[in-house]
Each structure stands twice: as structure tokens, then as C-alpha cells.
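S.K.: One-letter residues, chain by chain:
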Amino acid sequence: MTRAMEHWLRTEHTAFCSGCGHGILLGCVIRAVDELEIDRKNLLFVSGIGCAAWIPSPNIQADTLHTLHGRAVAYATGAKLANPRLTVIVVSGDGDLSSIGGNHLIHAARRNIDLTVVCGNNQIYGMTGGQTAPSTPVGARTATDPQGNVYRPFDLCAVVRAAGAPYAARWPVTRPMSLIDSIKKAVKTDGFGFVEAISPCPTQFGRRNRLDDLTKLYDHLVGLCVTREEAKKMKPEQLWERFVIGEYHD
Amino acid sequence: MSGNVQILMGNHAAAEGALAAGCTFYAGYPITPSSEILERLAEKLPAAGGAFIQMEDELASISALVGAAWAGAKSMTATSGPGLSLMMEGLGYAAITETPCVIVDIQRAGPATGQATRVASGDIIQVRYGSHGDYCPIALSPWSVQEMYDLTIRAFNLAERYRVPAFVMSDESVGHLRESVRLHRDFEIVERNRDIKKPPFGTDAPDGVPPMPAFGDGANLLVTGSTHDEWGYRRVDHPDQHTRLVGRINKKILDHADDIVEVDARFLDDAEVAVVAYGFTGRSALAAVKRLRKEGVRAGLLRLITLWPFPEKEIRALDGQVEKIVVPEMNRGQVAGLVRQHVRGDVVSLCQTNGEAIEPVAIVDKVQEVLA
Amino acid sequence: MTEWPVGVRFGGLGGQGLITLGAVLAEAGALAGLRVAASQHYGSRARGGATYSDVILSAEEIDYPHIDHPDILVVLAQQAYDLYAPTLDAKGIILADSFFVKPPAGHKVLQVPGTRTAIEEAGNQVSANFVMLGALVGFAGLVGEKDAIAAVHHLVKQRFLEVNLKAFALGMKLGKSEDRCR
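Residue numbers (the numbering used here), protein chains in the order written: chain A, 37 to 286; chain B, 50 to 421; chain C, 14 to 195.
No wet-lab data here; the hints were simulated from the structure.
Glycine included, each C-beta is placed from N, C-alpha and C at the ideal position.
It is possible that part of the hints are untrue.
One side only, chain B facing chain A, incomplete, derived with CB under 7 Å [unchecked claim]: (1) F74; (2) I102; (3) Q103; (4) E105; (5) A109; (6) G116; (7) A117; (8) A120; (9) Y178; (10) F264; (11) L271; (12) T276; (13) W280; (14) A411.
The whole structure should be built from the sequences, with the hints applied where relevant.
M.R.: Here's what the structure looks like:
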């Protein structure tokens, strides 16, 4: 494990807050590409703007393209079409990919472009100060929903699946082996692969939702995860504040 | 047709210019009056070994353009006002990351949806200043179908030479005009320096243009729209880094104005009045100047083929030489305002924003009124 | 001898094939060694409303490629006649499809049975535009018959080629013998 990290990381310090789940996700992404033995020379990471966009850039020792807010998937589409030999992995956040970049996400899934999109979903806009995202669970407090969010969140796996993605999966960062496995499957998918990593944000989400204690925050997140089997027995509105975990493919 | 002379629509000639210049990637979104470029390249670019994609919007188009350019492609898109407005975001990104790409703008009457099928030239200031922060794109302005071909090729070469987004600022009248065009190969093609050993975002070389490796070249590139050092590492709280980067990306264009700027001077040697025009209006201006000459008026034409960087030196040379300058344009005086910054003499603006091309008679009348 | 430049306006309704006529005439002109410029009126009116396409044929370089006052107006619909006849040059001539255009009394118009010939002789009403083009070339010259036919071959889709060539030939005959027109 340690070998892989040294091999892939640049010698820059991390930008993540202590307790942030994105560091775990960075480790999962690196281990996945390492285990797949992808030729680093032809590996490109693309990210947008936001905390999760910092996962590949400037951390990973490979080509990286750190783009504009929301546009990562569109930049990645151009790079992939211009040089199909590249393995292109987009790593970005929930707000970036599904709010400002939602249109690009569904169209890339519709076209079934051979990209892997890894969404670090921390359910909030972390970098800009804790505002509501399209992935914020119902009831969660944010800087723009001090009384709690009233709008239901996107089920991003369902969104990309409905748009045509052949592979989608959702796991919390507390299940790194599942994440690594799913990222590998998404990369190997001939077409558009999507992996959503539920990642806790202690600084913005935890602080506002009385989950300051890191252990509590991680316990809370694990407690909200339900399997697809369990989800079948629940009402849709119950799922608005939970995470259905598992894989979705044909 | 003799040789490679054809009758083409201006928009089709721009597409042919792109192919001749070595364009290997096109991403675009349908918009009147530019769509013929998209359609022609949809047909011809894949056959020439390039990649074509119709994106979901213009935000995506210019993003894909930049992604493709960094993957080693020569990339182009075409659009018109509303699409151009969306592209202002990606334009800034292309500027700060020094990404060569070509954007053909077939101008139509705005603001907003305006008159989608009608001609205008209201985007001149927008491409220079429409994205936030300081940057300096290159913009060329064709007046004929031949120049749609020639200047598209030149835009590709200048974009590569200076690592900068380059615009072909055409308009509906030139875009939809059909004329003879010689699809020649009498030009050199500028290729990118892909040296991976030198920093891709900084140079001490006098031209200020660093090499640009592609993804897949083994450079472990760090490309970011944030302020960065010469190797691409983000330096977002360094005043010096920001000064140096923004300074260089502007200076590398402005310092090379002599290489980039091209104007077409007609009947100016003994002129008492100069008409400064560009794009389709240049055609009206030439016809007007010839009519005025027949009537004994010493009129001349300075046609701006390059709009950005602005031909300041060429405009300054008019000062003192001619008594009056008339600037006809299909906007509310965008270039007339620029001309005024560089001369002390009288600059008279002939504005027309009715969705119609300016007819020669309107320019003849204005010149006579100015001289009276 | 034709006195260049000549500005030709094809006026009609969107969908009558006006842009094709402009393209064919321009290409035929270029084949004859003339300078040419073709432009068209774009817009929602190109879907059924009155619209036009213009061609300038010139012995010298064309400075301004739009037409203020056409020398020849070929008109395929009444709405277009009403709109564009007033723009005609003082010495200009009008060729009108007699099936759709009824010029007011006193107007000097060469009436060509374009649509009627297309239906009755060419066998397809959609080729009426090429009857009118043939009539123009037969009547006014401007470009050579061979060059015009070469341009038709180049610009017309294969499945419409035969009927349009036939229509063009019929039009040529009409144009050459004015008495067949009214």
C-alpha cells in the first residue's frame, strides 16, 4: 500500500482538512490505477473546482487538468476524443459534477464516452463555506439552509444510469476496498463509468450538523448507508436522507 | 472550375481553411448563422482523420476544445453571439493556460437572441474584454470568402505560434456570401514545440512563449486555471507570481503586434479623409471610397484585417495625414471608440444596428457630410 | 454584348429553390470566367414567406457584393413580385412565373409559364425554378448554356438531376422564343 502512494504522489502537501474523507478517496483512486497497472504516461486526471477537484491535482504524479467549475467532464471529453489512447479519469465533487456541471455529466453518460467519473460526494459546498448542494440530504443544515434543506437530493447513480451509463456504484469512504474495486471496474468499463464516494466533510457539514466529533461524523455516515436490498423496503422519501450503496450495471 | 478554385459559402471556406491548417478536433453547438461550419466539418473532419463532436452547449464546446488541445490536437469551434457569451468563461481558461485554439464568430445582431439571422459586428469589444481579468486574444476580420479561408489558416498558425486563443471575427454577410475561393496550399503550418524538459508555463525567452507538451508525452503536466508557476503548480497567494503570469500572457501578444497586425491600405497616400472599416463593412467602404474618388473626393480606406491586438500604430499614422476619419460599423461605435484613443483628429462614427449591411451610399453620404 | 456588372435577383417563397438558382448561376458565371458573388436573404421567411437570392456577375473584381437595385428580377411568387419589383433598376427587366404572378396592368414583365411547363412537360412542379433559370439564360444570355448545365450537374442532387435538366432545357427554349411567353 505504502509503495503505491509513494510511486504516485507528488511531494506537495495536502489541501484537505483533518478528518476529510477526500484523502481516503485519493488513496483509493491511486490504488485502483496502480492495481490496474495503467501506463502512467497515458493516464490523465481531470477535475473541476471544489474540494474534491484537489484530489488529483496537484497530488497525483500523472498528467492532470484542473479545469473550470462544472466543466471537467466536457474538458475530459475533448481530451479523450483527441487522443483515445489516454485513460481519462475525472475526479470532482458533487456540486461541481451535478449542479453547475450536471448537463455535461448526463450528456457524457448519454454518449457513453469512455471516461471514468469519480464523484467525491461530501453533500455540501465545502470550499466556498458550506452551502447547500444538489446532494445535500433533506434536513441537513447548511450555510444557505440554516433551518435544514427541504429539497430532495439527486440520486446521482440513478441519474447517470438513466442517461445511459453502463456502470455506476456508490460507496462510503469507510469502505475503501469496495471503492477501489468499483473504480477499477469503472475504468475497465468500455464506456462511461461512474463511482460516487460518500465522503464526510467535518469542517462544513459536521460543524453545522452537530457532528463535530470525527468519530460521530463517521458513525453517522455509516449509519445512513443502506444496501439496495434494504432500500427496496423503504419509502422514497426515507431515502432522501440516506445513501443507497452498491453497484448498478446491466 | 480551374485548379482548386471553387465557389463556396464563406462559412464553408472557413471549414476548408481549418482542414488545410491541420485542424484535428472540432467541438461545437448549432447556432445561426454559423452552423454551416459545424455541418461541413461534421462531414469532412472525420474523413480527414480528425475528431468531431456536437457538444451539449457552448460552455462544453470550448471546454472540449481546450481538453483536446492539451491532448495534442489543433482545435476549433464556431459560434455566434449567444454562444460566444457562453464561451467567455472558457476563453479566460484558454488564455491563462495558454492554450492554442481557434474560435470562428459569425456575428449576428444582439444583444441576447436579437435578430438571429441578421448581420452585425457587435462582438469586437466582447472578445477582448468579455472574460474577467486581463488577457489578450488575437482576432482577425475577413471581408471575403477567400479571407474566410486564408484568415482561418492564419488564426491556427498564430494560435500555435503564441499559444493563445485566436478568433476569426466574421459576420453573417461574409459567412453566407458565396464567391470564388482558391483553396491553395501556399502557406506554412506552424507546429507546436512539445519539449517536455522545459517548463510549460514560464520562459525567459524573449518571445515569452513556453513549449507546450501534450497529455501522453510523459511530461506529468499540471494544467490549471488558477495562477500557477512555470511548472503549473498553483500559486494563488503569491502577488509576484500573479503579476508575472498575467504580465507575460498579455505581453507576449502585445510585444508582437508588428508580426500579428495586418491592415489593407487603399488610396491613402493623398487622402484627406480616411474610412476605417473591417469585415463585410470593408467591402462597402471600398465601394464608397471608389465612388468618392470618381466625384473628386480624396478618400482612402484603412481596412483592419487584425482587430486584436488593435492596430494602434497604423491608426496613429493616420493622425495628421488625414483631416477626418470615418468609421462605419454594424454596432454602436465599438471600433470608432478605439480609434479615438489613438488620434487627436476628428473621428466620426457611422453606426448601423438595424440588422442590415451598411450600403456604400451610406458611407458616401457620411463622408460628404463630414467634409461639408 | 452584356454590360457588366449584372445583378440578378431570384425572388419567391422559401422552399422554391431560390438559393440553388443563385448558386447555379454564380457557378456558371465563374465557369465563363466572370467574377461572381451570391448572397441570400436568410430568416424565418425562408420557410414559406417572400425571400430572395442575389447574384452579381462582373468582368471585374466585385467590391460590394450585395445588390441595391437588381438589373434582372426573376420572380416566382406574387408576394415576392410586390416586394421586389419596386427595387428594380430603372432599365431593369422582370421575368415572372405566369402561374403565380399577375403583374398589374401597364407593368412590363416577361411572363414565363414556369410552373405550367414544369407540371405539363418536365413532369414535376418542383422543377419550376429550373424552367425559370433556363428562361433567364435563354432570354438574357449572361452565361453559356454548357456552363449552366455543368453547374446544374455539380450542384443538383442526383435524384433531381434529370427532371431539372429537362426543366432547364424547356426554359431555355421559352427564353429564346419570346413569343412563347406572354
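S.K.: Take the hints in turn and mark each one as holding or not.
M.R.: Here is how each hint holds up against the structure:
no.	hint	in the structure
1	F74	holds, 5 Å
2	I102	holds, 6 Å
3	Q103	violated, 10 Å
4	E105	holds, 4 Å
5	A109	holds, 4 Å
6	G116	holds, 3 Å
7	A117	holds, 4 Å
8	A120	holds, 4 Å
9	Y178	violated, 19 Å
10	F264	holds, 4 Å
11	L271	holds, 5 Å
12	T276	violated, 12 Å
13	W280	violated, 10 Å
14	A411	violated, 43 Å
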